[in-house]
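Asker: If you want the building blocks of each chain, they are given just below.
Protein chains: 2
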Amino acid sequence: MKLIAATVLAAAAAASVLITSSPDSGRAEVGDASPIFGVHIPTGYRQWELIAPAQEAEPLNELRAVLGNAVAIKAYRDQILPFPDGTILAKLAWKHIQSPDFEPASIPGAATTVQIMVKDSKKYPATGGWGFGRFIDGKPADEAQHKTCFACHEARLKARDYVFTRYAR
Amino acid sequence: MKLIAATVLAAAAAASVLITSSPDSGRAEVGDASPIFGVHIPTGYRQWELIAPAQEAEPLNELRAVLGNAVAIKAYRDQILPFPDGTILAKLAWKHIQSPDFEPASIPGAATTVQIMVKDSKKYPATGGWGFGRFIDGKPADEAQHKTCFACHEARLKARDYVFTRYAR
Numbered sequence: 004m005k006l007i008a009a010t011v012l013a014a015a016a017a018a019s020v021l022i023t024s025s026p027d028s029g030r031a032e033v034g035d036a037s038p039i040f041g042v043h044i045p046t047g048y049r050q051w052e053l054i055a056p057a058q059e060a061e062p063l064n065e066l067r068a069v070l071g072n073a074v075a076i077k078a079y080r081d082q083i084l085p086f087p088d089g090t091i092l093a094k095l096a097w098k099h100i101q102s103p104d105f106e107p108a109s110i111p112g113a114a115t116t117v118q119i120m121v122k123d124s125k126k127y128p129a130t131g132g133w134g135f136g137r138f139i140d141g142k143p144a145d146e147a148q149h150k151t152c153f154a155c156h157e158a159r160l161k162a163r164d165y166v167f168t169r170y171a172r
Numbered sequence: 004m005k006l007i008a009a010t011v012l013a014a015a016a017a018a019s020v021l022i023t024s025s026p027d028s029g030r031a032e033v034g035d036a037s038p039i040f041g042v043h044i045p046t047g048y049r050q051w052e053l054i055a056p057a058q059e060a061e062p063l064n065e066l067r068a069v070l071g072n073a074v075a076i077k078a079y080r081d082q083i084l085p086f087p088d089g090t091i092l093a094k095l096a097w098k099h100i101q102s103p104d105f106e107p108a109s110i111p112g113a114a115t116t117v118q119i120m121v122k123d124s125k126k127y128p129a130t131g132g133w134g135f136g137r138f139i140d141g142k143p144a145d146e147a148q149h150k151t152c153f154a155c156h157e158a159r160l161k162a163r164d165y166v167f168t169r170y171a172r
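From first to last, the protein sequence lines are chains A and B. In terms of this note's numbering, the first sequence opens at residue 4 and continues consecutively. In terms of this note's numbering, the second sequence opens at residue 4 and continues consecutively.
Hints listed in this document are in silico derivations from the structure and should not be mistaken for laboratory results. You may find that some hints are simply not true.
Heads up, the list lumps identical chains together, so a pair's fine if it works in one copy or across two of them.
[Claimed, not checked] Only pairs whose alpha carbons sit at most 20 Å apart, straight line, appear in this in silico EDC-like list of lysine to aspartate or glutamate:
(1) Lys150 - Glu61
(2) Lys98 - Glu59
(3) Lys161 - Glu106
(4) Lys126 - Glu61
(5) Lys142 - Asp104
(6) Lys77 - Glu157
(7) Lys126 - Asp164
The structure presented is a predicted model; accordingly, all values stated were derived computationally and were not measured.
Only chain A is shown next, with the shape it has when bound in the complex:
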């Protein structure tokens, strides 16, 4: 059983890489690329594995979840740094609202942003090997916003290859 599972999961992982790296895949669905970096929302990212949830305080007041493609998940599991080329991280953010069903709980409200980091050390040598995309309703934010991405990651996270999110075990 384990062997079958491993084989199928490996095939799925390989397919995931194919899907996300295919030049035609999903572009029609995901709209324009980000300024500066040319990063798209990758097809199928909502099916990727969870790295960790997070919360962002006011004024953003968001619940978030960071998902990773198969390359990203393998790097986290094997504790590989820097992340290999092909790594893609997707941060999904929603407004943070009280559950209508259970008072102590708060849950995702309206979606706010999807933020993507793509590792390609040849394409993005000036930003630690990472390309960034910040999307609101599927549309990339402006160039000014994208100029701020790496500065913040660089200042805080050089020792972890500029990645905030740790794997939640």
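Go by the hints and put chain B onto chain A.
Answerer: Same frame as chain A, now just chain B:
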């Protein structure tokens, strides 16, 4: 590309069902079954797709993520209620701590509980078709705790087949 992706994803989904329903799979890894319901922590649940993150206020003060097996995810996507037999939901909970890297963010700290819901309408007719398991460090909580599960779900969520978590889109 889409056809290949769909085929492989379907194979992975089918394999996931096989993995989680195999009577021998992972029992050695996941310890004892819950009292009353006999629910185990399913093998491979940490690789399941995200349904939604959540936060729980004090006194628990937790960040959470609910993941679902392939049957669960399909039911959510197709908006099928009641959930079909074979649905498994896994709620992962961590203490909610401030990020050491970015002041406005809070992130998962130590893991607190893993809570499982298994749909089997023949096995669990008295509790809406659901079996419950609440695990702390991989060990099931006591019988008294398991007596409280369905009462709370039944009181609040009859219209959604006793499930709190909505899919975060």
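Asker: Hint by hint, say whether it matches the structure.
Answerer: These are the hints, each one checked on the structure:
no.: 1; hint: Lys150 - Glu61; result: neither (23 Å within a copy, 38 Å between copies)
no.: 2; hint: Lys98 - Glu59; result: both (10 Å within a copy, 15 Å between copies)
no.: 3; hint: Lys161 - Glu106; result: between (40 Å within a copy, 17 Å between copies)
no.: 4; hint: Lys126 - Glu61; result: neither (35 Å within a copy, 45 Å between copies)
no.: 5; hint: Lys142 - Asp104; result: neither (32 Å within a copy, 28 Å between copies)
no.: 6; hint: Lys77 - Glu157; result: neither (23 Å within a copy, 39 Å between copies)
no.: 7; hint: Lys126 - Asp164; result: within (16 Å within a copy, 49 Å between copies)
Violation of the numbered hints given earlier is confined to hints 1, 4, 5 and 6; the remaining hints are satisfied by the structure.
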